[in-house]
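> The C-terminal position of the sequence shown is numbered 87 in my numbering, with every residue numbered one higher than the one before it.
Be a bit skeptical, because a hint or two may be false.
Stated by the list, open to error - Capping the alpha-carbon separation at 20 Å, the derived lysine to aspartate or glutamate pairs in EDC-like fashion look like this: (1) K60 with D16; (2) K10 with E87; (3) K10 with D59; (4) K51 with D16; (5) K60 with D80; (6) K76 with E32.
Unchecked claim - Each pair of labels, with its calculated beta carbon distance range: (7) V47 with S8: 16 to 24 Å; (8) A67 with E87: 16 to 24 Å; (9) K76 with T35: 27 to 35 Å.
Please keep in mind that the hints were generated in silico from the structure rather than gathered at the bench. Everything numeric in this text was worked out from a predicted model, so none of it was measured. Idealized CB from N, CA, C, for every residue including glycine.
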Amino acid sequence: EAVAGSDSLKEAVCGDETGTVIMSLRNEAHAEICTVGASIRVQNATVRMVKGHIRLVADKWAAFKPAAEPLDVTVKEDNDISATEYE
């Protein structure tokens with residue numbers, strides 16, 4: 001979904017068997033890949049703190065594309081690392 005106050009920044013919740021994180025996307029093509037149940041491959045993304053919360057950022061240096069094969073994982077939705085506020 002689009003982030004208030006920014007024309008180009010979007011956010012998506014991504015997860016695996018260890019937990020979930022909010023991912024910040026600066027590229028429209030990256031946002032189009034993020035659909036419910038999609039398997040994605042992310043490389044060279046960075047972690048940034050936004051108002052005390054962790055965000056995984058896929059910027060122009062990150063490799064972000066659909067996985068070669070769909071992953072069969074159960075997402076651990078009760079471990080949202082972006083929900084914790086750090087000081």
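> Decide, hint by hint, whether the structure agrees.
Status of each hint after checking the structure:
Taking the CA atoms of K60 and D16, the gap is near 23 Å; set against the 20 Å cutoff, the hint is violated. Straight-line distance between C-alpha atoms of K10 and E87 comes to about 24 Å, which puts the hinted pair past the 20 Å bound. Restraint check for K10 and D59: the C-alpha separation of about 11 Å stays at or below 20 Å, so the hint holds. A distance of roughly 24 Å separates the Cα atoms of K51 and D16; the hinted pair therefore is violated under the 20 Å criterion.
Under the criterion of a C-alpha separation no larger than 20 Å, the hint pairing K60 with D80 is inconsistent with the structure, at around 25 Å. Proposed proximity of K76 and E32 is contradicted: the alpha carbons are some 23 Å apart, above 20 Å. Distance hint check for V47 and S8: the Cβ-Cβ separation is about 20 Å, which falls inside the suggested range of 16 to 24 Å. Between A67 and E87 the beta carbons are some 35 Å apart, a value that contradicts the proposed interval 16 to 24 Å.
At about 20 Å, the CB distance of K76 to T35 disagrees with the hint of 27 to 35 Å.
Violated hints for the displayed structure, listed by number in ascending order: 1, 2, 4, 5, 6, 8, 9.
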